[in-house]
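Number of protein chains: 4
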Amino acid sequence: METLFITDKLKDLLPKIKAFVETELYPLETTENLAHNFSFVEPILQEKRALVKKAGLWGLHLPEEDGGLGLTLCEFGQISEVLASSPFGHFVFNTQAPDIGNTELMHKYAPKHLKDKYLKPLMDGEIRSCFSMTEPEFAGSNPTRMGTTAVKDGDDYIINGHKWFTSSADGAAFAVVMAVTNPDAAPHKRASQILVPLDTEGFKFIRNIPIMGHAGDSWASHAEVIYENVRVPQANLIGMEGAGFLLAQERLGPGRIHHCMRFIGIAERSFDLMCRYAASREMAEGVMLGEMQFIQGFIAESRAEIDAARLLVLRTAKNIDEQGAATVRDEISMIKFFTANMMLRVIDRAIQTHGALGMTSDILLSYWYAHERAARIYDGADEVHKTALARGILKGYGLDTRKK
Amino acid sequence: METLFITDKLKDLLPKIKAFVETELYPLETTENLAHNFSFVEPILQEKRALVKKAGLWGLHLPEEDGGLGLTLCEFGQISEVLASSPFGHFVFNTQAPDIGNTELMHKYAPKHLKDKYLKPLMDGEIRSCFSMTEPEFAGSNPTRMGTTAVKDGDDYIINGHKWFTSSADGAAFAVVMAVTNPDAAPHKRASQILVPLDTEGFKFIRNIPIMGHAGDSWASHAEVIYENVRVPQANLIGMEGAGFLLAQERLGPGRIHHCMRFIGIAERSFDLMCRYAASREMAEGVMLGEMQFIQGFIAESRAEIDAARLLVLRTAKNIDEQGAATVRDEISMIKFFTANMMLRVIDRAIQTHGALGMTSDILLSYWYAHERAARIYDGADEVHKTALARGILKGYGLDTRKK
Amino acid sequence: METLFITDKLKDLLPKIKAFVETELYPLETTENLAHNFSFVEPILQEKRALVKKAGLWGLHLPEEDGGLGLTLCEFGQISEVLASSPFGHFVFNTQAPDIGNTELMHKYAPKHLKDKYLKPLMDGEIRSCFSMTEPEFAGSNPTRMGTTAVKDGDDYIINGHKWFTSSADGAAFAVVMAVTNPDAAPHKRASQILVPLDTEGFKFIRNIPIMGHAGDSWASHAEVIYENVRVPQANLIGMEGAGFLLAQERLGPGRIHHCMRFIGIAERSFDLMCRYAASREMAEGVMLGEMQFIQGFIAESRAEIDAARLLVLRTAKNIDEQGAATVRDEISMIKFFTANMMLRVIDRAIQTHGALGMTSDILLSYWYAHERAARIYDGADEVHKTALARGILKGYGLDTRKK
Amino acid sequence: METLFITDKLKDLLPKIKAFVETELYPLETTENLAHNFSFVEPILQEKRALVKKAGLWGLHLPEEDGGLGLTLCEFGQISEVLASSPFGHFVFNTQAPDIGNTELMHKYAPKHLKDKYLKPLMDGEIRSCFSMTEPEFAGSNPTRMGTTAVKDGDDYIINGHKWFTSSADGAAFAVVMAVTNPDAAPHKRASQILVPLDTEGFKFIRNIPIMGHAGDSWASHAEVIYENVRVPQANLIGMEGAGFLLAQERLGPGRIHHCMRFIGIAERSFDLMCRYAASREMAEGVMLGEMQFIQGFIAESRAEIDAARLLVLRTAKNIDEQGAATVRDEISMIKFFTANMMLRVIDRAIQTHGALGMTSDILLSYWYAHERAARIYDGADEVHKTALARGILKGYGLDTRKK
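Protein sequences, first through last, are from chains E, V, G and F.
Numbering that gives the first Met the number 0 puts the first residue of the first sequence at 0, with every later residue one more than the last.
Numbering that gives the first Met the number 0 puts the first residue of the second sequence at 0, with every later residue one more than the last.
Numbering that gives the first Met the number 0 puts the first residue of the third sequence at 0, with every later residue one more than the last.
Numbering that gives the first Met the number 0 puts the first residue of the fourth sequence at 0, with every later residue one more than the last.
Excised from the complex, chain E in its bound form (with noise of 0.2 Å):
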């Protein structure tokens, strides 16, 4: 717990769960487990759902009105810190990205009618959704860019498009689809964003990727699928038309906040399991692993980087609170690119700390090697977000870079 930020509500809260993911969760992550794909992990996963509830600590991410604790993003923040710490964690409690981000942008812009019939079950845990964004043609570190279309047909949309890295989808009930209805707009004001059931016709799910490796499946997947004269009620459109990106920007704000708290819990067990291994691995007679010079500079680099980026990504949610992601816009792409790089160095110098061991699926560390490198790249890649930033500071010194 970071003093600093710690509230009322989370003196409370995050001691029950943390004992909860401690003696939930934790005993989950054996190797059969973490070497087999989510469905076969997921029967159980469900039955600590119910446990969740029970205890009362479901809906944690909800607003007061949905029945939630309306925390603030800087709250939340550090409970996702603690429910990262497993790979099990934000999915027990029904906190999983993209179902999570969908949830928030719903509730604030979903018609009545979706919310009855597709938010409420969402916030139950009775369906999973997906964001139908990425397109393989299109690079996506220029999201104005995009052949997906949504063209009227009466009172319907007619949708058609390739897009992958729909993640989850792998038996979600509906995707939030970014498509072109205004092609004549603006770049920005082009897109729209639309609720696809996914038993809807011409909706072809090719198939789940491949990431190093693993296919994987369930919500534990990222698929590429096809839009084929997808035919859907216009009602079916969530916010404006033409206010696509606009709402993917809003989204952002929290979404990076939620992912920056997963690199940090993710980080911080890493770190855990180091320091672990370094104080019971004996390398010789009597002496300890963690005796080695080259170690303990992992364990102090590590507990540095991971204290700065904790403070960072929890400024950057007050500030999102108190002021609005707006005005923060600079601290947001900093964040992502500063935790993320951290992140994956201290689960690379973790894994080099348990030799050989840490290479196998007998420990957490390589699972979060392979699947966390994407942290990197998705939701705007490293380069994407230094340019933004240098972008934005240089306005203030007089350079506008992106007049030219």
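Check each hint, because a few of them may be wrong.
As the list makes no split between identical chains, a pair holds if one copy fits it or if it spans any two.
[Claimed, not checked] In silico DSBU-like cross-links for lysine-lysine, where the CA-CA straight-line distance does not exceed 35 Å: (1) Lys-203 x Lys-17; (2) Lys-53 x Lys-394; (3) Lys-203 x Lys-8; (4) Lys-47 x Lys-394; (5) Lys-53 x Lys-107.
Please keep in mind that the hints were generated in silico from the structure rather than gathered at the bench.
None of these values were measured; they are calculated from a predicted model.
Since the structure of chain E is already known, use the hints to place chains V, G and F on it.
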């Protein structure tokens, strides 16, 4: 080709091998093959082996008396690089670890009856083998601590022990096992290398250890095994009793070159993939990825680092060829950590350049990212080699840290 | 200003101090001043000190009873950052090391007669002082080894020893000298701190040690000195006999914050210079330096790293304020290496951005590049702090490395 | 000695030169000499020059027809490394920049009357010269932008311009000046190289620019100068009119090797100092600095990096010797940033190893730390070379970024 180290033999061989690898093996890098276990692709690789034999390229690593070309280590290293540009290259040419190491070992130290029965079919690619040294209970960085014992009983040894990272044991015909035969000798003279046919009673295959979530199978796997009262004739001893570490160390020089040139082959291919993508991926209308300075930085740094590493390794190979491994111990330590880290940086940059695609098994990079992380661990972790190198250097300055 | 740590006092003070520094001190950063010894610019700095007093900004670091503002460490830290943005800031406000440390020390532990005679004029800026601890013959990373002795003779101590890096001894009125008074006590209880007026017979000023080619002079210098049968009254003892290391360590907490916030001030100013130049330097017709991604990378990474370091240091300051230094030892180690390395990276990037100009004394950066390299060495080298931090952490995991 | 590149000539020469440098020049590395301007030590260096001549080692860089040994670039590079191990080596052997570059240039392109009058005494070490190219108003990374003009007037040129970093102008007999003679030609064909005796009217020596606080003097200085209506005969043209950039680029290949081998010599000597200190400095009773793993890490990484860089540079030198600089442009870019950064890392680690001593002029390292930082800037900043190299590579992949 690095002209400094090119020989007449290579001028002839390298283009042929390169052409074979590019024509016959690169097309096998499909998502399907990369996302499945090795046995999935193995049948087609066996067909390719036949083509290799037909092309007169089989047995490149063998001495002339065994039908090979009698290449120097420096020559074979350059071939090894080309083979490593495909994840299937070494297997198809039967130069894959650990078989190549066992081949070299047995060629020099195995008694004739073992050569006839095991080395011959190994060289012909009819059987595979493994090397059983690492133990989960003892730190690999201190190889003189070992729990496996071989106790004499009549004309036999009775072997008991627990090993893991006995790579490629799955489907292998025999293992070369490191076991303590002389427990009262000095630490470095306690162990011996003994050939154990894997159909011997008491050999227990526990599992293929999941690495980054993949248990793998067949040649591409890392087994945990138990030797429980495994009885083999003392005639299965390779080299002299108590010479186990000596042989392991002798194996080290050439083995290090094999590994490092493989790393360079992987780095070079990753570099090629990075450049191809940078030159062909459009970021915005008419703006190519390769125009970004960040990407240019990745390319330039990678080019310099690969070239530098190759020169370093080939110099060492040449020195081993000319002076023997014993005189260039420091260089043999040096190339390991330098090259392994270089490779991982290049793979990482290549992934970053590819964005989301880089994470997928649609492209080779993610395979290497996950599987080659071990390069900084096996065969001596970075930290072990750095320490060894520094100690060797400091001895020249009058400080003998080993005495302490 | 970091809103998380802003207080009412700071809201009032910081803008005034910032304005003073920018208006009165930045203009002094001429090539001439930067390329000369300190005594060249000292007269004008004395004039500026008068302005500070006039503006009611003198004595910011002092407790209320000494006419100061009774700022917390966290508050003064934020002021320290602003002062450090000019190389003359701390001197002009009389908050420069080592005087600020001696002031704090004497305020707490000096007997009244020393306070009257030495602390009073020190606080008034009428005299300067130095701290004489490091010895060339013994490694600074192991402070319990010390050759300087203070032997009792009647009511006096006779001090003999050889010190260097007795910073600012040139022109100082007195030194606080660490000397072994109790050679038979436990290592940490052998030394005491004794005030030695520098006009005492037997004190020999050997030289100002050239640092990066500059001997420097006056306050900006690092002396080598010899104490040869220096006789001072035992009444010149500060704190108790044998408490030398204890006091040195107590000095450590606040001293660390002073140093680290100074590093941050330097980094922040270097960042500002980098951005200014990037925004205004033309590379080709109409193409500004700041449009280069390499430079954008420098800017973005620096921004994130400075912010992270500041949060880390101010958190530690706050924790010292609230809980005392003893409970946050780990944090106090952590901030040192994290912040010093950050500062040096930022300075380095700023120099690289400036090209040839960055090497010159036409701009501040080269001054800091040369002089602040020491930040990774003095007051505990990186390696010392990393080891200390790791050991502290590992103790929590049951491994007590100090016992070994 | 790197056996791969040793020749018979070097087998004879290198030990002699090494012995000379160690015996005659290392003893000059006193604090006094290192902390004073060059003119302080210059008289004794002139005496050493006489010894060089006496030993038959003068003029190593010259072609045979000029009394030199006709060494290849690769051979001279290896000598250059040895000379660079002392900060006085190159000067004493009269192979110092910029004179060596001017010597090479004039040997090839100067008309006979200039050779007789200027090249001869330059080769004899009787006069010094400088090269006047960089201008404060224009970015050095874009050398085609230039404000200095040479306008024909009768048989003369009238030169006007403002230059800086005209290194060693202080005390030089002449400058080779880059000036625009053909303003209407293509950008790369506008400038010419003209010899200007520095006693010509209108040449104004403004100052030696303080670098890291040192203005320096004589050969070890970097001047700012003005050419105000400087009149010289058109016969002072070196090479053809408009060939200024072509000649500058031709100078580049060999010049790059000189620089990079100098970097390696500095790195190697810094490494030696680091190891010496690590092996001899006691940290605690009987515990030597070199036993610390952190220091071992510094040593091991430095050893690998220096060796790798040397191989890279000598390979390039050999390729220039055999194929000409034009065919290995990419390599010539590559070695610059790779070697300069390597050198600075090694110097930095050596300083860190020395602790406080490393900051002082009692040891060579701090001199290099300050003065060699420029290695990442002059003769093309890192960023320029990385971009150039990447562009060269990407062209091979079909992306011509220069067209844009």
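Consistency of the hints with the structure:
no., hint, result
1, Lys-203 x Lys-17, "neither (40 Å within a copy, 40 Å between copies)"
2, Lys-53 x Lys-394, "neither (52 Å within a copy, 37 Å between copies)"
3, Lys-203 x Lys-8, "neither (45 Å within a copy, 54 Å between copies)"
4, Lys-47 x Lys-394, "between (50 Å within a copy, 34 Å between copies)"
5, Lys-53 x Lys-107, "within (28 Å within a copy, 56 Å between copies)"
Violated hints, in rising order: 1, 2, 3; the structure is consistent with all others.
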